[in-house]
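Undergrad: Heads up: the protein sequence lines correspond to chains A and B, in order. Our numbering numbers the first residue of the first sequence as 1 and each following residue consecutively. Our numbering numbers the first residue of the second sequence as 1 and each following residue consecutively.
Quick caveat, the hints were computed from the structure, so don't treat them as lab data. Just so you know, not all the hints are guaranteed correct.
To list a few chain B residues with every Cβ distance to chain A over 12 Å, as calculated [said to hold, decoys possible]:
1. Arg17
2. Val25
3. Arg52
4. Arg65
5. Glu98
6. Met101
7. Thr118
8. Pro119
9. Arg120
10. Leu135
11. Leu142
12. Gly143
13. Thr144
14. Glu146
15. Leu153
No more than 16 Å apart at the CA atoms, straight line, and that leaves these computed lysine to aspartate or glutamate pairs for EDC-like [said to hold, decoys possible]:
16. Lys202(A) x Asp162(A)
17. Lys109(B) x Glu52(A)
18. Lys109(B) x Asp51(A)
19. Lys8(A) x Glu27(A)
20. Lys159(B) x Glu39(A)
21. Lys8(A) x Glu147(B)
Here are the simulated distance ranges between beta carbons [what the hints assert, rightly or not]:
22. Met173(A) x Glu98(B): 55 to 65 Å
23. Asn36(B) x Cys33(A): 43 to 53 Å
24. Asp51(A) x Ser145(B): 25 to 35 Å
25. Glu98(B) x Ala71(A): 46 to 56 Å
26. Ala148(B) x Ala191(A): 31 to 41 Å
27. Met173(A) x Ser145(B): 47 to 57 Å
28. Arg44(A) x Glu98(B): 20 to 30 Å
29. Met173(A) x Lys112(B): 46 to 56 Å
Note that beta-carbon positions come from the ideal geometry of N, C-alpha and C, so glycine has one too.
As a plain string of letters, each chain reads:
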Amino acid sequence: MTCDAAAKLIPLYGYGDLPPDEEDRLEQHLDECAGCAREVRRQRSLAAALDERSLQPSAALLEDCRAELMAAVRQGEPRAGRAHGSWALLWQAVNESLTGLGRVRQPVGAVALVAIGFFASHFAGIVPGGVSTLSMAPSDNVFSTVRSVDPDSAGHVRIAFDETRRRVVSGNMDDQAIQRLLLAATREDNASVRVESVDALKNHAASSEVRDALLNALSHDPNAGVRLKAVEGLKALAGDPDVRRTLAQSLLTDDNPAVRMQVVDLLVTHRDDAVVGVLQGLMQREDNTYVRLKCEQALKEMNASIGTF
Amino acid sequence: MRTYDRSVLRLALNLLRSPEDARDVYQEAFLRVYRNLHTFRFDCSFQTWLYRIVTNICLDLLRKRKVRKEESTVVETSEGPVDRIESFEEDSAHSDPERTMWNRELQGKIEKALEELTPRERLVFEMRHYQGMRLRNIGEILGTSEEAAKNCLFRATRKMRAELGDFV
Numbered sequence: 001m002t003c004d005a006a007a008k009l010i011p012l013y014g015y016g017d018l019p020p021d022e023e024d025r026l027e028q029h030l031d032e033c034a035g036c037a038r039e040v041r042r043q044r045s046l047a048a049a050l051d052e053r054s055l056q057p058s059a060a061l062l063e064d065c066r067a068e069l070m071a072a073v074r075q076g077e078p079r080a081g082r083a084h085g086s087w088a089l090l091w092q093a094v095n096e097s098l099t100g101l102g103r104v105r106q107p108v109g110a111v112a113l114v115a116i117g118f119f120a121s122h123f124a125g126i127v128p129g130g131v132s133t134l135s136m137a138p139s140d141n142v143f144s145t146v147r148s149v150d151p152d153s154a155g156h157v158r159i160a161f162d163e164t165r166r167r168v169v170s171g172n173m174d175d176q177a178i179q180r181l182l183l184a185a186t187r188e189d190n191a192s193v194r195v196e197s198v199d200a201l202k203n204h205a206a207s208s209e210v211r212d213a214l215l216n217a218l219s220h221d222p223n224a225g226v227r228l229k230a231v232e233g234l235k236a237l238a239g240d241p242d243v244r245r246t247l248a249q250s251l252l253t254d255d256n257p258a259v260r261m262q263v264v265d266l267l268v269t270h271r272d273d274a275v276v277g278v279l280q281g282l283m284q285r286e287d288n289t290y291v292r293l294k295c296e297q298a299l300k301e302m303n304a305s306i307g308t309f
Numbered sequence: 001m002r003t004y005d006r007s008v009l010r011l012a013l014n015l016l017r018s019p020e021d022a023r024d025v026y027q028e029a030f031l032r033v034y035r036n037l038h039t040f041r042f043d044c045s046f047q048t049w050l051y052r053i054v055t056n057i058c059l060d061l062l063r064k065r066k067v068r069k070e071e072s073t074v075v076e077t078s079e080g081p082v083d084r085i086e087s088f089e090e091d092s093a094h095s096d097p098e099r100t101m102w103n104r105e106l107q108g109k110i111e112k113a114l115e116e117l118t119p120r121e122r123l124v125f126e127m128r129h130y131q132g133m134r135l136r137n138i139g140e141i142l143g144t145s146e147e148a149a150k151n152c153l154f155r156a157t158r159k160m161r162a163e164l165g166d167f168v
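With the hints as constraints, model all of the structure from the sequences given.
TA: Structure representation (structure tokens):
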């Protein structure tokens with residue numbers, strides 16, 4: 001490979017977006033070319049500098065956006081009895097979703113899932129105009145954020161609040177609606193919820209959405225427990241080229257030795273030349289003794305040399 | 001919807017670097033979803049459909065900005081809106097002055113480099129680098145091929161490397 005050809009591949013190499021054979025050829029070139037290896041390091045520095053400018057929306061901004069959206073929806077909200085078009089579909093979806101997820105089916109099922117988060121509690125029990133005549137406090141499973149308090153001279157008070165309502169659903173793991181809820185749960189802030197969700201999904205990796213969620217968890221989840229569960233879930237797909245690319249990338253970037261050891265185990269279940277290159281590359285940079293030993297053992301079992309020459 | 005709304009807001013905030021614009025994108029996107037649910041044909045995932053809507057709105061805004069050539073540096077934080085340049089200086093106040101200066105120059109260069117990208121390149125880069133989306137998915141969202149998304153990402157990173165020179 002020439003340096004010009006390598007230069008075209010290096011930006012994509014950093015993102016793990018090269019096919020295995022191209023990645024292998026590039027890595028061979030990098031072992032021999034100090035200039036291109038320096039360019040890879042620069043690319044990594046650039047990525048690290050770019051990472052520093054990443055912004056996370058604050059919880060307050062997100063809550064404001066949700067509240068503004070609800071306000072906008074209410075402004076255009078027709079009365080339930082006159083619902084038509086997309087409103088009718090949404091209304092139908094909300095009603096279906098409230099009567100039990102087990103009965104929700106596509107296309108209404110998907111629409112319901114869109115609707116549940118924002119619209120269910122707001123349609124239910126609220127008279128047209130968006131004002132409820134509540135005479136009791138919200139029940140224990142409703143978490144409220146009070147937005148405004150407006151007392152009048154007659155002794156009444158008008159309180160605007162947002163609700164987050166807890167619901168409990170149960171169903172078979174093969175149910176699409178249950179799977180979608182679990183997929184949503186893999187993005188929750190609570191790490192233990194993510195661990196349980198990924199664990200529950202791991203036997204359903206044949207679905208492309210579950211597979212993508214597992215790959216995403218392995219690549220991006222900050223919790224090592226979640227990443228370990230994701231590796232377990234990817235076992236059945238260890239021969240898939242996309243999965244192998246992500247595994248190889250994790251092997252080189254994951255900061256947790258237990259994850260790296262599991263990934264080595266998984267990668268060597270399907271031998272290919274790219275794996276040998278990845279493991280040899282890992283041997284040059286791995287600090288953890290146990291991972292090095294595992295890597296060394298795997299290379300020996302594949303009759304490959306420990307280092308590159 | 002709560003599955004996706006945080007990542008939609010994050011994408012808009014990082015792309016547009018303005019909480020106000022991010023709010024607008026968020027509201028416009030979900031209202032379009034709400035109004036057009038009946039047109040969703042299940043020929044792609046809901047996420048892809050949603051991101052198509054979001055990226056179209058963001059592309060429009062970025063294109064308008066290319067004409068206006070202005071960009072807010074104010075961002076939303078848990079302590080309220082702050083100017084990210086001032087915030088950056090404040091964060092770095094206790095560190096080595098030379099390093100602070102270098103970091104400030106680097107961040108300035110990065111902002112300039114990103115401004116030089118076309119709206120489409122910026123979008124592809126944002127979705128790949130910060131959102132961790134796969135190129136195939138990005139191509140699907142933008143109504144193009146994985147190869148075209150790959151070329152776009154390649155051009156974006158090359159431009160940034162060229163703009164940043166010896167800084168990295």
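Undergrad: Each hint: holds or not?
TA: Results for each hint:
no. : hint                              : in the structure
1   : Arg17                             : violated, 7 Å
2   : Val25                             : violated, 9 Å
3   : Arg52                             : holds, 15 Å
4   : Arg65                             : holds, 17 Å
5   : Glu98                             : holds, 17 Å
6   : Met101                            : holds, 15 Å
7   : Thr118                            : holds, 16 Å
8   : Pro119                            : holds, 18 Å
9   : Arg120                            : holds, 16 Å
10  : Leu135                            : violated, 6 Å
11  : Leu142                            : holds, 16 Å
12  : Gly143                            : holds, 19 Å
13  : Thr144                            : holds, 15 Å
14  : Glu146                            : violated, 9 Å
15  : Leu153                            : violated, 7 Å
16  : Lys202(A) x Asp162(A)             : violated, 35 Å
17  : Lys109(B) x Glu52(A)              : holds, 13 Å
18  : Lys109(B) x Asp51(A)              : holds, 14 Å
19  : Lys8(A) x Glu27(A)                : holds, 13 Å
20  : Lys159(B) x Glu39(A)              : holds, 14 Å
21  : Lys8(A) x Glu147(B)               : holds, 14 Å
22  : Met173(A) x Glu98(B): 55 to 65 Å  : holds, 57 Å
23  : Asn36(B) x Cys33(A): 43 to 53 Å   : holds, 52 Å
24  : Asp51(A) x Ser145(B): 25 to 35 Å  : holds, 28 Å
25  : Glu98(B) x Ala71(A): 46 to 56 Å   : holds, 50 Å
26  : Ala148(B) x Ala191(A): 31 to 41 Å : holds, 37 Å
27  : Met173(A) x Ser145(B): 47 to 57 Å : violated, 35 Å
28  : Arg44(A) x Glu98(B): 20 to 30 Å   : holds, 22 Å
29  : Met173(A) x Lys112(B): 46 to 56 Å : holds, 50 Å
The structure is inconsistent with the numbered hints 1, 2, 10, 14, 15, 16, 27, although it conforms to all the rest.
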